[in-house]
Each structure stands twice: as C-alpha cells, then as structure tokens.
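Use the sequences and the hints to build the structure in full.
Line order of the protein sequences matches chains A and B.
Heads up: the first sequence begins at 1 in the numbering used here, then just goes up one per residue.
Heads up: the second sequence begins at 1 in the numbering used here, then just goes up one per residue.
No lab work stands behind these hints: they were computed from the structure.
It should be emphasised that the depicted structure is a prediction, and the values quoted were computed from it without experimental measurement.
Errors might be hidden in some of the hints.
[Stated by the list, open to error] Computed Cβ-Cβ distance ranges for the label pairs, DEER-style:
id : chain 1 : residue 1 : chain 2 : residue 2 : range
1  : B       : F354      : A       : A30       : 38 to 46 Å
2  : B       : Q235      : A       : D395      : 25 to 33 Å
3  : A       : G405      : B       : F345      : 56 to 64 Å
4  : A       : L349      : B       : A466      : 44 to 52 Å
5  : A       : L351      : B       : Q235      : 49 to 57 Å
6  : A       : A30       : B       : T53       : 25 to 33 Å
Where is the CB? At the ideal position from N, CA and C, for every residue including glycine.
Number of protein chains: 2
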Amino acid sequence: MSTPNRIATLLHEGPRVLNVGVRTFATALAATGAPYRHVDWQPPAQGDPALGTLLAQLADDSTPDSPGGRIQAANAAALARILAADPVWEDVRPARELWPEMDDRLLFHAGPPIAWERMCGPMQGAVIGAILLEGWAADAAAARQLAAGGAVRFAPCHHYHAVGPMAGLVSPSMPMFVVRNTAAGNCAYSSLNEGMGKVLRYGAFAPEVLARLRWMCDTLGPTLQIGIRRLGSVQLKPLIAQALQMGDECHNRHVAATALLFKTIAPTLIRALTDREQAAAALDPISANNYFFLNLAMAACKAMMEAGHGVPHSSIVTVMARNGVEFGIRVSGTGDRWFTGPAGFPQGLYLPGFSQDDAAGDIGDSAITETAGLGGFAMGGAPAVVKVVGGTPADAVAYTEAMYGITLARNPNWTLPPLGFAGTPTGIDVRKVVDSNVLPIINTGIAHKAAGVGQVGAGLVRPPLACFTDALRALGEAVLEAESPR
Amino acid sequence: MSTPNRIATLLHEGPRVLNVGVRTFATALAATGAPYRHVDWQPPAQGDPALGTLLAQLADDSTPDSPGGRIQAANAAALARILAADPVWEDVRPARELWPEMDDRLLFHAGPPIAWERMCGPMQGAVIGAILLEGWAADAAAARQLAAGGAVRFAPCHHYHAVGPMAGLVSPSMPMFVVRNTAAGNCAYSSLNEGMGKVLRYGAFAPEVLARLRWMCDTLGPTLQIGIRRLGSVQLKPLIAQALQMGDECHNRHVAATALLFKTIAPTLIRALTDREQAAAALDPISANNYFFLNLAMAACKAMMEAGHGVPHSSIVTVMARNGVEFGIRVSGTGDRWFTGPAGFPQGLYLPGFSQDDAAGDIGDSAITETAGLGGFAMGGAPAVVKVVGGTPADAVAYTEAMYGITLARNPNWTLPPLGFAGTPTGIDVRKVVDSNVLPIINTGIAHKAAGVGQVGAGLVRPPLACFTDALRALGEAVLEAESPR
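Okay, structure coming up:
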C-alpha cells in the first residue's frame, strides 16, 4: 500500500494506536473510544543507566571474542550439557551414608544460607521436627533451645547437590533418592515425599508427622532401596516427557508421573520382597500421594542443571531456591555465589479456613523444576494445574509463552502437546530477565507462616528482580575483566 | 454504525464477503484478491426434499405434544439417565458363566449382525482363532470349514449387552469384565485387552496369539477376579474423568487411565494373593499395555448408553458399531433395530511397511466410546493422541468443537482442560446429524484386510450418512404415527 492510500485510510478510518509501555495514554484513548492495542514494555533494566550500559556491552556478540560472543559460546556449551543430561533414579540411601558429617548435628534446608534467628515459621517448625526425629532433643522447647544455641549447624541442600521441597529439611536418618546424570556422571539427591497436609516440609512437627517420618526412615526407604536396586534404575527423562503429554507440569501436578512411576516399580517390588505386606505397605503411600514424584522430579532437574553449572561466562541460571525469607539464584558463569533478594508471597488458592494473611514467604528448592523448564514454565501443557494454583488454561499457555522470552532454548525431549508439541522453555538467561523485566513464573505450595501448622494453599510467585540484576553485575565484571588484559 | 457510514466504508474499503456453501464463488474472489471468509454449509438432508420436510416436522417443538416437543422430552429423559449412570467394574467372569448358551458353539462379534460369508478378513481370522481356542477344530482349515458349514452361530456382542474392540470376538472360555451401572442396575460386559500388535481382535490367530489368550483364560482372568472381588469395585466414571485431565480421550489413548487403574488394583492384588509371582505376572501385562483400560472404558460407555436406550421418541444414538463391512447404529427411540450402511476406511497413520491398501474396513464396537462422548469427541482434551491417529492439536480441538454441533449436552462429569474445562459432547441427535451433514468423528485402530495379519495402523473415520437418514425416517414414522390418532 502506497503512502497516499495510507493517509486516506487514516482520514476515513481514524487512527489505530499501538500503545507501548505507560498505560495512562491507553486509558485516555479508551475514554474517547479510539481503538488501540496496548503492549506491555518497560525500559531495559528498569531504566537504570549503568545496568542498561552493561546490558548493551554484554549483548555485543559482533565477534566470538566480544563479551556477548563469549557469553553466547559459554551458554551453548552449558545448554548442550543441560539438554544432554540423562537423569536416572538408581538408589535410595540414608542421608548419613551420603554425608557422614550430618551426624555431627548438621541439617540441610531449602534456599540460600540462613541462620536460625532469621528463619521463617515453617522452616523453624521443620528444624524442630528434624531435631525431634533424630532424638537430639526430647521436646519442641528443647529443640528450639538447641537450634537457637548454636548446637545445630545448618547448610543449604544445594551446597550438597541436594534439593528439598518447601522447608527442605534433611536430617541424617532420612532416606534420600539418588539420581545420577549418566551423561556426565554427576549425582543429585532429594528427600522422599511425605504426602500432603500436615507434613514436616510445611513446618508441621506433630507426633503423627514424626511417626510418618520414622516409618519412612525405617520401612519405606529400605523397601524402596531393595526395589530400585533389583530394578537397576528408572530413567526419569522419558518418564517426565511422558508425564508432560499427560497434563503434568511436574512441579504442582505429578498425577501422571506418580502413576507411571508406580506402574514401573510395583511388579519389581512384589517380586523382590518375600513379605507381601511389606511390598503393599510401601506401595500404598505412593498410590495415595499424587505428589510422590515431586522429589524425584526435583532431583532430576538438579542433576540436569548442575551439569550446566560452572561454565565461565555463561549467563544461564542454574539454581532458583527460596528459604522463606530470601529468594536466591546461582548462575553458571558466576560459580557458587548466591544472588539474593526478599522472598515474595505467592498468589493462589487457599485451603478452606485460610487466606493470604496466613501465608509464609515463598519457600523451597522446588523452583529447580522451573530452572529446568518445568513447573510454571511448562504450565501451557498442563491446563488442569490451574485448579490447584488458580487462573485459567489460557493464562497457563500465556505463562509458558512469556517464558520463551527469557530462555535460550526449547527442550526437544520435553514437549507440550497443547502448544503444538513445542519444547519446554529452557535455560533462563540473566540478561534477558534484566532486559525485559519479565521474571520467571513459579508454581509453588504455600506454607502457614507459623511453625507447626502446615500447608494452607498453592499458587504462583515470581522472584525479586534484585537477584538477576546483582547476578548480571557479577557476570559483567567477570566477562569484562577477562577482556581487559588484551 | 448508521447505514450511510456503512456505504462509505464499503466504497472506501471494498466489499468483505462471507461465502456460504459452494466453494467455487470463494475461489473466484480469491483470484481477484478480494477478502472473504468461507463457511462450510450444506442444505439440510443433502437437499432431499422428503427428508427436509421430515426434519422440519420433527423440529417443531411449539407445544409439548408436537413431534419436536415429544422428542425433546424423550431426549431429556434419556440424557438424564445417561449422565446419571455410574458404571463400576465389579467382577471378572468367564463368558460361559454369563451366557451358558455360548457352549452350544455361539460366538459374539463386533458390529451389526453378519454371516460368515460376508465377514471381512480380520473378523474371519478372529473367528478361526476363537474356534481354535475353544478346541472346536484342530487347525485353521478345519475351523474355517466349521464356520462356513453353519456349525457355529454368530451374534453381535451388542445383542448381549457386551462390546468388543475391532473384530470383537467373544468365545465361551474368555474372561469378561462385568461393569454395573449402579444408578440403574444394568450391566455391560467386555473382553479383556490382549495388548498390541499380533492379537485376535485384529484377526491374528498364530500360536503365540492363542497361547496368550489361553493364559488370559486360565491365569489373568481368575487372578483379576480374585483382585476385584477383594477390592469390591472400581468406579470408572471418576477414573475416566481423571484420565481426561491427563490427555487420554479414552478410545485410542489410555496411558493415564491404565496407569490409574494399575495404581488402584496393585496393592489389593498383592495382599489378596499368597503367590506373589501370580500377582506380579497379572500386573506385568497391564503395566506393559497402555490399551489395557480400553475394554473397561467400552463397557463403562455401554452401561451408560444402555441406560438411555429404549425411551420412546428419543432421537439419541445409543450404539455405533462396525463389523468391518457395515457400520450400524441404534437409536434410543427406535428400539433394537439396526440402521446400517457400508463401513468406511480410516484415514490415519500406518505402521512401518503398511499402507492404506492393506487396510480392512472400519471395524469394532469401540465406537461406543464416541457414542458416549469420548474418543474422537473428546480429542480436544487429548492433543497427544494426534501422534497415533494423525493431524495436529488444533485439528483435535476442531473435531471436539464440531461434535458440539450434533450433540445435545455437555457432560459435566467429564471435562476437557484445553477447552476451558468444557464438558464432553454427549448425546448424538440423529436429527442434528442429518440436518447438518456433520458426521460423528471416530478414533479407531486399523486392521489388515487379510485374516491372520493383525494391526497395521490407527486413524480417523466417519460413519455413512445412510445410517442416520434411515434412523431418522424410522423415528419419524414412530413419532408421527403416535400423533396421527388424535
């Protein structure tokens, strides 16, 4: 269409407006009835000039040796390792066998490092429960005193290649899933899922919570150990791929994955155990707990993302984890440094009798699933999950589509049928997050803010931008420093 | 917008054309570059004046006693019974216990009635296999002679409240699922699924096929009988509802339903059987066969649709079934009469080494799933099924949306997440099919046309319109006759 015609069209039809950024202008147009389309946009780095300059420097991929060129090469290497990862469940072992130092009163927790005094209610509750489980104190008051007095040491699960949902407490007696990435040989670990409701990971430590944990230590763990050793291993990558065809997003929905896992191990367990009541009793809680697969999914994602960690100059986020007070990330090219910001509060659906006022801050290592492209990132393939976390199936698709904007690849092994079998958005690029101000979307459970209560709901949450701007600055220093000597 | 403005717009923008029906006009517009939108439409009853008049008469619902008024009331009653049906699996029994007359050399088959001479290759193959299984003949040639000589009687499964996939052969020794609709008390029956590949239902009768069938008669059936009797029952309506949230459409995709069923029965089987190898051996083939749930889904749908059958004046289709030569339907208001037309040939995906040339005609009672709103009707909720039957996820949604046009209700118990949790299209109205010429879409397996080969693919097929026009005429006679005495 030639220019005169365009002007004619404008005169006859009136303007058609594309409003970018500030919504106020669009509101004025709406008031006059003028047609417009609004595009959400914010200045890169929220208008911070120094960060904007850094982003521009790190985007320069004009040569292989320019900052952006080196980041690109590093990201390609990290992504190749992440996508090639082949996590298989191959064992169940007590935590003390994996980390003998734990018996020296060391407990693991979710998220970045945190001291007892700063821990939120549900994490303190879980610590009390873990101390009681181990018999280090006789009652809750004594456990509290022990923890506060410095007689118990704390470390993030992530410092030990491990992950734990919600409070993420791991104590030496607990059975742990051992998941090996057979492509690179690295292992990741996670605790076993306790079920829903009043459970340690949500901060509950009532007698029935401890009784269930003891049964898991004494019976479930050893039984599953016999089963998985007899079976050899279970490949988790194809199992997750199948579950994604079946409406799981593998963070807040594991109905399919748990059923597929059950079907895989049940015949072996039956044959491996002479005591058929022992086999049945080990299978019952898996059959009844649609979240049983969560912890295996987390370990699989941890094994996968750790394979891509530690590549100098890579801007890929390899850890997102929360301790209820702070949200922390780690980036492949900046090593083991945590970048933290205040934990948000999830928006979602509450169990009867609870509301947002009861909610603890965002908590748990389970965001490792989003870090690997599952959970909130894969919601478009799991429309039924909106019944748990809120929203509509259209919202779920929109979340996944938005995540393509801040990631570097589509995982060809994990596809989403409702999006025409598109691969899951994989490899969050710190630069893209800061540039677009689009923050990762995370599906999550919601714990009660007080110690000892438990779960109150589930919903969606985003990390604070500060994690990503700080990480970008640190990465920028490393990349630009590496350049300067020449 | 006022008329003068519309004319101004027309002059400035040119015409915008909606082309309804004949595509030729749209093609001419396309050639000139004029914008248009084409709407598929055909005259009611394909332009047949007598049928068109009948449709108009049967659409008249001006009073409760007008033909359309009486049909409407009858359909409401039938639909209420269909939607209230609560099919539960409650037993496994050998066919001869259910129908002792079968030992007098009676075999059931899929679809409407058919004699040996007119049976297609795969059905003749399955008959040969069934005769060998029962020991009525020593080899295939003798079995063929026996069948051709009239020494074996044949009857449709549907004449005995039963359903069978593909050839649908049932012989007296075979174990049958017993499914009771606890809302109305009626029972439906189906054989057990043999797995994929070379199997009797696809017309294969090789020694390994017969060996597997013998094991099903002697071991699997009795084992499942012990298990289900110990468990009491399995509610199939909520299980199917859950599977629909997990990407099954419950005709050609049962991955989720089979896993959920497995999870439900495994712990009971383990506890019920002292011989753990017996329990494991019964569970192995379920674990390995993603179609295991198909036959239970079929029996559930049969129990449900039979509850709505036999309501005078109801225009709801309660049976769609094929014998490989003819497609047959039954309608609630026309009793046990079959309305048949030539069976079509499915379009779909073929196993390596096979093509459309190898395909037998459309065959099997499994279209009872579509009759009840599953299968092709629920494809929109099961995008992954296109990997089996062909097409894209968008096609799958379009099929479900088209089926809303020929059905009377959305099943509130069975919802489809990708369609915003819309209920499955339920209750095919013969009038709507003839009026719109939109034929039901059916997901189906494809058998080799020769006896003894087996499955060659899976795809989509539609019934012939003749079934529906004939049924409409018969229904019309009954409804108008009932009116004339007054």
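Hint check:
no., hint, result
1, B/F354 to A/A30: 38 to 46 Å, "59 Å, violated"
2, B/Q235 to A/D395: 25 to 33 Å, "31 Å, holds"
3, A/G405 to B/F345: 56 to 64 Å, "46 Å, violated"
4, A/L349 to B/A466: 44 to 52 Å, "51 Å, holds"
5, A/L351 to B/Q235: 49 to 57 Å, "25 Å, violated"
6, A/A30 to B/T53: 25 to 33 Å, "52 Å, violated"
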